[in-house]
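Given the coordinates of chain A, work out where chain B should sit on it, guided by the hints.
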Amino acid sequence: MNNQLIEVKDLCKYFPAGKGNTLKAVDHVNLTINRGETLGLVGESGCGKTTCGRTILKLYQPTAGQVIFDGKDISGLKGKELLKFKKRAQIIFQDPYSSLDPRMTIGEIIAEGMDVHCNYNKKERDAKVAELLNSVGMKEDYANRFAHELSGGQRQRVGIARALAVDPDFIVCDEPISALDVSIQAQVVNLLIKLQRERGLTYLFISHDLSMVRHISDRVGVMYLGSLVEMTGSGEIFAHPLHPYTKVLMSAIPVADPEANGSEEELEIKGEVPSPVHAPSGCKFRTRCSYATDICAQEVPELREVTEGHFVACHHCGESGEQQKNA
Amino acid sequence: MQNIPIEKFQITGLNENSMEAASRPQVGYLRDAWMRLRKNKVATASLILLFVIVLMVMIGPKLSGYAFEQIDKTARNAAPCAKHWFGTDKLGRDIFARVWISGRVSLTIGVLGALICAVIGCIYGGIAAYFGGAVDTVMMRIVEILISVPYLIVVIVFSLVLQSKGILTLILAMTITGWCTMARFVRAQMLAIKNEEYILAAQALGVRPWKVILRHMIPNTLSTVIVSITFDIPGYIFSEAFLSYIGLGIQPPNTSWGVMASSAQSVFTFYPYQLFFPAVMIALTMLCFTLLGDGLRDALDPKLRK
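Protein chains in written order, with UniProt numbering: chain A, 1 to 327; chain B, 1 to 306.
Looking at chain A on its own, in the form it has when it is part of the complex (with noise of 0.2 Å):
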């Protein structure tokens, strides 16, 4: 059995942004996930990490580009077959506060997708929804309850018992704990960890956190403007950074070891983030790049394997590398 759960090929996003002009919020992606694994998905806001997770799960549809999920290939998907994928692949939201209807009760919004998908009746639905209230560690007479009741943490947990409500293999995080508090933060991530172990669940974990991104992830992906700048282990990316924009978001971590400053140079990056409305030529990350020259404005850097499993999309990421062993 193929190892990889998705293969996203070339994968495009682009939405009109007025006046003839498009904003290319997912630009050619590619990425694999394989099961059972976690991949991290970094970048600034607005640098199209929530696009890109929408459009794998065929919520926005894809402007060009593959998306193959188990094998098929999900873009023709239509009527049953297209069920059977939303079975298959969840989504974690942002905002707890909006992701879910304030008309509903929890046991409700948790048995939306069962009432889609299995054929259960009530005493059943009932039954699973508790076992599910469970599960993510909330009481089942919290069913009868209303979301405003509930605090933070506590509606983001319904939302992730809502996804696993359909037993699905595939779930995209999408930044499921930037709206929470820091100690609300570590009980959510524990809880997705042990659920991935449990149920054996793949997830593709959007974030801006990057110490977050390291705890729960295998492989982390770095996006800017849309683009996928680099991809290797959790552990490579944190010790031996290559691309220049993701050394200057490692060198941002805050390191909790007071003792042991210093040892790191802090990388400043220059200006702001382009409109990926107006894009630079070229490598995107051009502009701000310490290390630019003439053939980053005229070519597109594709992302290419420097060493095994590390993946980046620089022209000079070879040389920067010597230099900073040299250095």
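To be clear, the hints were calculated from the coordinates, so they are not data collected in a lab. None of the values given here were measured: they were computed from a predicted structure. Treat the hints loosely; a few may be bogus.
Stated by the list, open to error - Within a straight-line C-alpha distance of at most 25 Å, the following computed SDA-like cross-link-like pairs (lysine to any residue) qualify:
(1) A:LYS9 - B:GLN203
(2) A:LYS19 - A:ALA64
(3) B:LYS211 - A:LYS9
(4) A:LYS78 - B:GLN203
(5) A:LYS122 - B:LYS194
(6) B:LYS194 - A:PHE15
(7) A:LYS87 - B:PRO209
(8) A:LYS78 - B:ILE199
Okay, now just chain B, sitting in the frame of chain A:
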């Protein structure tokens, strides 16, 4: 720090679930709203008063023993007394009977007008919001054109064209442009709801579009629509009263609160009670509907649940 062997640690039994106790009995959304409405004393009083008015409108004309168009030549412009509880008008007609018969017309116009507008407005606004884009633009421009036509002109044109000034003509004339405000309102509501993540979540779960509209979009709009209906009803009652008052509405021998007030106005200084009773009925009904609408808005919002 010393190294403490892990065996020395033990879980003291802090159970997360035990902190999250407190449960409530299972109640549906509507029953819950009903319970909250009943706790609101002002709204409950309004509801009871409205119920009494409706009851009286149904049985009231029979209580006094006079028909509403029956003329008592011996008692013209009689003050309220044991024989004529609310007095009589200048033709000697019993005001008590007339007030309730008028109520039938006024309430029918109010409720029917508001309901018709709500239904048309919901469908129109819902379609505009759901399809969006060019459909939305065209539909909303039509609404704006209709809204800009003064409704007095519409009423006059309708009564000329249909050659009648009955209750149906009035309802038709008032609703022909009246639904536009509701359509705008519903569209705005639905547009806001359409962007909520729970709609996206339902789509991700594979819930069919019509079910998304039925289970999420309509219930989340409905409470505001119900509230705005209760606010619209007094508006229609008042419009009818106003139109009848200036002579464009209900024609004799039929009567409504507006007609009664209009005919009592000429003799107001001598017989103030002739104006008093229909005016009080208009005021009471409008107040009750407004207060009830206020209470409903609070009751239908689950965020206010205690």
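Right, here's what the structure says about each hint:
no.: 1; hint: A:LYS9 - B:GLN203; result: holds, 24 Å
no.: 2; hint: A:LYS19 - A:ALA64; result: holds, 22 Å
no.: 3; hint: B:LYS211 - A:LYS9; result: violated, 33 Å
no.: 4; hint: A:LYS78 - B:GLN203; result: holds, 14 Å
no.: 5; hint: A:LYS122 - B:LYS194; result: violated, 29 Å
no.: 6; hint: B:LYS194 - A:PHE15; result: holds, 18 Å
no.: 7; hint: A:LYS87 - B:PRO209; result: holds, 16 Å
no.: 8; hint: A:LYS78 - B:ILE199; result: holds, 20 Å
Violated hints, listed in ascending order, are 3, 5; each of the other numbered hints is respected by the structure.
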